Amino acid sequence: MKEELPAGATKHLKTLALKAGATVVGVADAAAFDAHAPEKHRPADLLPGARTVVVVGGAQPRAGDWIAASPWLLSTMGTTERIQGVGRRVAQAIESELGYYALFVPPGTASGDTPFLSLMLAAELAGLGARSLAGPVLNRAHGFLYWSAVITTAPFEVDPPEGAPACPAPACQDMWEREGTTPCLRVCPVDAGGCLGGQLENGRAIRTSYDAGRCHTRVHTHWVGGFQKVLEETLNEPDRERRKMLVYGDFMTRTLWAITYSSTNIAQCFECMRVCPAAHGLREMR
Amino acid sequence: MSLTETVKAVGLAAGARVVGVAAAEAFRAGVPEGYRPEDILPGARSVVVAGGDGPTAGAWRCPDHRVMEITGYDLRENVAVHAMSDYIERELGYYAVQAPSLPVHGHEPPMSMMHAAELAGLGSRSFAAHIILNPEYGLLYYAALITTLPLDPSPPLAEPVCPHPGCVAMYRRIGTTPCLRVCPACLSGTVKDARIETSTYDREKCHSRAQTYGIGSFQKALLAIVNEDDAGRRREMIHSEFFTRSVQSLGFFRDSIAQCFECMRVCPVGRKHRKLK
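Chain order of the listed sequences is A and B.
Be aware that the first sequence starts at 0, since it is given in numbering that gives the first Met the number 0, and climbs by one per residue.
Be aware that the second sequence starts at 0, since it is given in numbering that gives the first Met the number 0, and climbs by one per residue.
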């Protein structure tokens, strides 16, 4: 199958993706999704004849963002949309340069909270990272990244899975031995109103739990859900003056900013990632 | 390389699929006063138009219609227009502005990008919602800049792109074309001597289908919610899939430009670029 592509096509595509702004790029076998993804959410369900999935990662908060003293910095700005632009460029390059079909996986949801294709699963299968106790897929070299994926009929060379997971980091294993918890589990414990739970054994996570519903209300405090909530409150409010306060209040205002600037304001809680030693990459900043 | 070619090269390098130039004075014949380039930028001499790609060929093949509903547009033509505007102002010292194309009254923009694309020789109107079809790529999205820089205008198209010869042959056989057949609700028209003789497009009907989720659906749903007296029912409406998707589409408008592409799906123009391995 691989001989159908010009020699070096996979390398060329990866170079193009990195040049377009990706921090990492990997390729997953489209068939590998079958064992993990439900029907209708597999590559071939979206693009008949799909053979590979090209995954790009990047656009993560910068090192300076993570150490910023203001909590509003990370909660009012984000960089995730940049990686979607890279995904689109990759899709267009596959079609115009190689002549294979390429479907940019929309970053939105098909319905409810269900994505068309799990980008986290795609990143794992493309050998770009592994799931963490905190939930996000972490890359060993760069930590927390945002993902974009392109399903294609092109038979690119597939990458092997990542050798060893970034999570739990050695520092977290030490902390577990000492205190029976890790930085992320401590900052947001599921049994004390938080979102995360888990257990380590022999340096590996043997159990994790994640309360997605609770996390969603914190991560997306100001967003579509926030708007719906405050709209309902406003319409239920009989007092005209209080209604005015709700409409012009910070919550409604920030919610509208978040919706219209969603591309630069994707989340309002990064605490589990802020404390994660594996989330910020290997490079030391001065 | 001439100045015109250099400006075009900047646009193409920034992601435009095609770039054309129209003389500002060419708009006078078909555009009412107040909507011409010089009404927006005093002293305007040229209009540079960039066309950008729509959905990929892979997206056209996707059996899940929701994919095309929420994606398909990456705004590269706008990036190209900004790159060319920056080049014209910074490197050449002439004024350049992005031509305003969002509606300001009803559906009416301050300047028509479709007309600009036609005058810049990039395409011609079609039966299909009067969408401008490029002879090479078919459906493209257009943005433009207005500048005081005098550039060489691109020649107009020698032949209209629509009707395609295949559609002319089909019209001769069965009295319709692929787009007219797929959407008789929005489109109608006749062909004579291999040219469009008459063409009718019901924009209001099309709008309600192509923009199922968007500003219009948000306004419609909001009005229904505000007018609903029952708090429980209001809650259902606010948290419904329809309202949620409408609000999402406001935020993700760049990924959610249309929910109906059927007249373009069947159009043969540019199909060679949608036929891949």
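Note that these hints are calculated values from the structure, not bench results.
Just so we're clear, the structure is a prediction, and the values are computed from it rather than from any experiment.
The beta-carbon is built from N, C-alpha and C at its ideal position, and this holds for glycine as well.
Possibly wrong hints are sitting among the right ones.
Label-pair distances were calculated between CB atoms; the ranges are [to be verified]: (1) B/Ser239 / A/Ser208: 50 to 56 Å; (2) B/Asp192 / A/Asp33: 42 to 48 Å; (3) B/Lys271 / A/Arg203: 49 to 55 Å; (4) B/Gly92 / A/Pro169: 36 to 42 Å; (5) A/Gly63 / B/Tyr94: 51 to 57 Å.
Below 27 Å or equal to it, Euclidean Cα-Cα: the simulated DSSO-like pairs (lysine-lysine) are [claimed, not checked]: (6) A/Lys243 / B/Lys191; (7) B/Lys191 / A/Lys10; (8) B/Lys274 / A/Lys10; (9) B/Lys204 / A/Lys18; (10) B/Lys219 / B/Lys204; (11) B/Lys191 / B/Lys276; (12) B/Lys204 / A/Lys39; (13) A/Lys228 / B/Lys271; (14) A/Lys39 / B/Lys274; (15) A/Lys228 / A/Lys243.
Now for the hints, and whether the structure bears them out:
Here the CB-CB span from B/Ser239 to A/Ser208 is close to 30 Å, at odds with the stated 50 to 56 Å. Judged by the Cβ atoms, the range 42 to 48 Å given for B/Asp192 and A/Asp33 is violated: they are separated by roughly 55 Å. Between B/Lys271 and A/Arg203, the C-beta spacing of about 53 Å keeps the proposed range 49 to 55 Å intact. Roughly 58 Å separates the CB atoms of B/Gly92 and A/Pro169, a value that falls outside the hinted 36 to 42 Å.
For the pair A/Gly63 and B/Tyr94, the beta carbons lie near 37 Å from each other, so the given range of 51 to 57 Å is not met. Between the alpha carbons of A/Lys243 and B/Lys191 the distance comes to roughly 61 Å, so the proposed pair goes past 27 Å and is violated. About 52 Å separates the Cα atoms of B/Lys191 and A/Lys10, which puts this hinted pair outside 27 Å; it is violated. Annotation: proposed proximity of B/Lys274 to A/Lys10 holds, straight-line Cα distance about 24 Å (limit 27 Å).
Among the hinted pairs, B/Lys204 with A/Lys18 is inconsistent with the structure: their alpha-carbon atoms are about 44 Å apart, more than 27 Å. Taking the CA atoms of B/Lys219 and B/Lys204, the gap is near 15 Å; set against the 27 Å cutoff, the hint holds. Restraint check: the Cα-Cα separation between B/Lys191 and B/Lys276 comes to about 37 Å, which exceeds 27 Å; the hinted pair is violated. About 31 Å separates the Cα atoms of B/Lys204 and A/Lys39, which puts this hinted pair outside 27 Å; it is violated.
Using a Cα cut-off of 27 Å, the hinted pair A/Lys228 and B/Lys271 is violated, with the two alpha carbons roughly 48 Å apart. Between the alpha carbons of A/Lys39 and B/Lys274 the distance comes to roughly 24 Å, so the proposed pair stays at or under 27 Å and holds. The straight-line distance between the Cα atoms of A/Lys228 and A/Lys243 is roughly 16 Å, inside the 27 Å bound, and the hint therefore holds.
Of the numbered hints stated above, those contradicted by the structure are hints 1, 2, 4, 5, 6, 7, 9, 11, 12 and 13, listed in ascending order.
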